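> Since the structure of chain R is provided, determine the placement of chain P on it from the hints.
Protein chains in written order, with our numbering: chain R, -2 to 359; chain P, -2 to 359.
It cannot be assumed that every hint is accurate.
Unchecked claim - Residues from chain P that keep clear of chain R, each with C-beta distances beyond 12 Å, as calculated:
id, residue
1, Gly97
2, Asp114
3, Arg161
4, Glu328
As the list claims (entries may be wrong) - Partner residues aside, some chain R positions facing chain P, computed with beta carbon under 7 Å:
id, residue
5, Asn65
6, Asp72
7, Arg101
8, Leu158
9, Val160
10, Gly163
11, Arg208
12, Thr229
Said to hold, decoys possible - Here are the computed distance ranges between Cβ atoms for each label pair:
id, chain 1, residue 1, chain 2, residue 2, range
13, R, Glu53, P, Arg127, 49 to 57 Å
14, P, Gly55, R, Asp331, 47 to 55 Å
15, P, Gly248, R, Pro44, 32 to 40 Å
16, R, Gly103, P, Gly55, 52 to 60 Å
If you are wondering where the hints come from, they were derived from the structure by calculation, not from laboratory data.
Computed from a prediction, not measured in an experiment: that's the story for all the values here.
Every residue gets a Cβ at the ideal spot worked out from N, C-alpha and C, and that includes glycine.
2 protein chains.
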Amino acid sequence: MADTIVFTRGVPPTEAFPTDELAQCFDAALRADTAVVLQYGQQPGYPALRRQLAEEYGVAEKEVLIGNGSLQLQDLVAAYLVRPGATVLTEQPSYDRAIGTFRRRGAKTIGIPIEPDGIDIARLEAEVQRQVPAFLYLVPDFQNPAGATLSLEKRRAVVDLAVRYGFWVIEDVPYRKLRYQGEDLPLLRSIDPSRIITMSSFSKLLSPGIRVGFMLAPAELIAAVTRTGEDTYLSPVLPTQAAVAEYIRRGWLQPNIEKLKALYRPRWQAMVSATRQHLAGAQIFAPDGGFFVSVMLPEGANYAGLVARAKDIGLVLTPGQAFFADADQGELPDGERFVRLPFCAVTPAQIDEGVRRLASLL
Amino acid sequence: MADTIVFTRGVPPTEAFPTDELAQCFDAALRADTAVVLQYGQQPGYPALRRQLAEEYGVAEKEVLIGNGSLQLQDLVAAYLVRPGATVLTEQPSYDRAIGTFRRRGAKTIGIPIEPDGIDIARLEAEVQRQVPAFLYLVPDFQNPAGATLSLEKRRAVVDLAVRYGFWVIEDVPYRKLRYQGEDLPLLRSIDPSRIITMSSFSKLLSPGIRVGFMLAPAELIAAVTRTGEDTYLSPVLPTQAAVAEYIRRGWLQPNIEKLKALYRPRWQAMVSATRQHLAGAQIFAPDGGFFVSVMLPEGANYAGLVARAKDIGLVLTPGQAFFADADQGELPDGERFVRLPFCAVTPAQIDEGVRRLASLL
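So here's chain R without its partners, still in its complex pose (with noise of 0.2 Å):
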């Protein structure tokens, strides 16, 4: 058998770690700062990497909360936010791990279809009115999994439906800096910040072991989660974020991401070009950045069991099913169909002879 090619986890490949320069930035916020880099408390995070944070996305510091990734402070925000009874919407799909950590803290996750221009707004409306959710979870950028990016327009509807009805947007953003082609478009948050959670992190940008993940949110709601961090971990890990602090401060964070940017384009123009070469037939999601090509395999192709069969033959997938929510009022969409295809750590030949494979089996 040749050898194994691995579609699972958006991990980055290890030779996109700024290992010196991180060690260096370690070195130097520990020996300046250590009063507060190696004691208690900070619970909102390192003064330093908020203040930055602030000045970057124009909000005032006490709208900046720094966690151990931001999955942690997506579980911490479910804790706050979610209530008996109460439901949290996602995209379907959408990311297995906060659909885990949401259902955890007791929500019943209902997803909402996605389609290539992000989630279908009239389906939204519809959950909306049945039950006012705890808040919507989305990824607007490059989505994980599905890899659709969402409109200007439906941007605006989500934000107007999100005030109307008065619920949380989680707009989960942890992609955005990696566009390799087009614009971006506005953060939701820029239309009208009032319900919306920005959160993102570091670890598609510099490394997910440091686990430096934030949100930005309205003062009262960053209190509120950050007391609720208090009472789970006390305090954050300093160190990591004191070194992400020191790396920005010397200016290297953009040319690390130009750097990743240049590793990762040929991977993703090589998996655009061979799903849409080897999978015909089936719909194929090739976003303008991130981490994730995904395709739904076309209804009359043989995926059963596809997880299985293609491990037989050196090609290790996630299985699909995880990636969905319970149905709304629809059907729910067979998650066997469904395969999402990380690029970023797998070199052009592999993609290509990966994604051969897999068209091998249907």
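Relative to chain R, chain P alone:
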């Protein structure tokens, strides 16, 4: 007004942090094991540190879980073990943050009175007979906040009850290695590990800001709590765990503990002397180690509004009430009479002056 004296939280003083050595260890760990330290994964903790802890405690690696501080692990254990209607038993008084965490996870948290030799075993058994708890939370060595140490006889009795009635015991031992006189008593797990979850951390031995805490328990429980952790924060923060592993590998931990004991011992002696000298009539809990002396003021003392009146004369105290869970069948003690006196981050001169100020208010 003279300088303010702070007797609130149990934090190490800045001069106790081995900053230069830790910085060297961050640097070495990042460069030596980049592909692991900066990546997603290692849900049960950084492998080298897991191995070191397994070896130190004579357990298998799969019986070790390392997370972002031990409060985070206590929260995850509670998330996994507390079912609706469950009780959690604690010493009375107990660690305020732990009580809060167990309550937020839905447990009714009941305090069993503590005596100078640890928890009241008869009251504990009576409570267990009324309802077998999800778990009992104990700080057996130099208890936070009361300073009591659980006697060998009572250690055996607690383990016996846990095995007979079938409930878990968390033995939280963050202060254990900071003993200023006398001999260690055995860990509860060394009597019988089948029902014991041992928790500790490097917060008191290296730095709290790194948030490296760990637990030891039977492998099935470790596996279950690891999954709960993965659903909550995806992966733990790794550079901090790797730096601790490197610190231990270089043989620097034990000398650092000796340095800390040399720094803290005179402070401990000063606090024990000052309370005995100035607080006649109070019940004084003077442990052989740790971070705290505590006192129960006499019933006749003038303790109403103590925290506010202390602040007026430059003395900062933690309100005693926070350390008390719900009462068992007995009466709830008056939390206002309870004063916790952390001594590690204050000098002997400050300690004497602070206790004098406290005495002047009574």
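> Each of the hints needs a verdict: does it hold here or not?
Here's how the hints hold up against the structure:
1. Gly97: At about 5 Å from chain R, P/Gly97 fails to clear the 12 Å cut-off, so the statement is violated.
2. Asp114: holds, 29 Å
3. Arg161: Holds, since 32 Å exceeds 12 Å.
4. Glu328: P/Glu328 is indeed farther than 12 Å from all Cβ atoms of chain R, at 28 Å.
5. Asn65: R/Asn65 check passes; min Cβ-Cβ to chain P is 5 Å, inside 7 Å.
6. Asp72: Holds. Min distance 5 Å.
7. Arg101: At 6 Å from the nearest chain P Cβ, R/Arg101 passes the 7 Å test, so the hint holds.
8. Leu158: Nearest chain P Cβ about 29 Å off; hint violated.
9. Val160: violated, 30 Å
10. Gly163: violated, 25 Å
11. Arg208: Because about 4 Å separates R/Arg208 from the closest Cβ in chain P, which is inside the 7 Å limit, the hint holds.
12. Thr229: holds, 5 Å
13. R/Glu53 with P/Arg127: 49 to 57 Å: With Cβ atoms ~56 Å apart, the hint holds.
14. P/Gly55 with R/Asp331: 47 to 55 Å: Holds: the Cβ-Cβ distance is about 51 Å, inside 47 to 55 Å.
15. P/Gly248 with R/Pro44: 32 to 40 Å: holds, 35 Å
16. R/Gly103 with P/Gly55: 52 to 60 Å: violated, 39 Å
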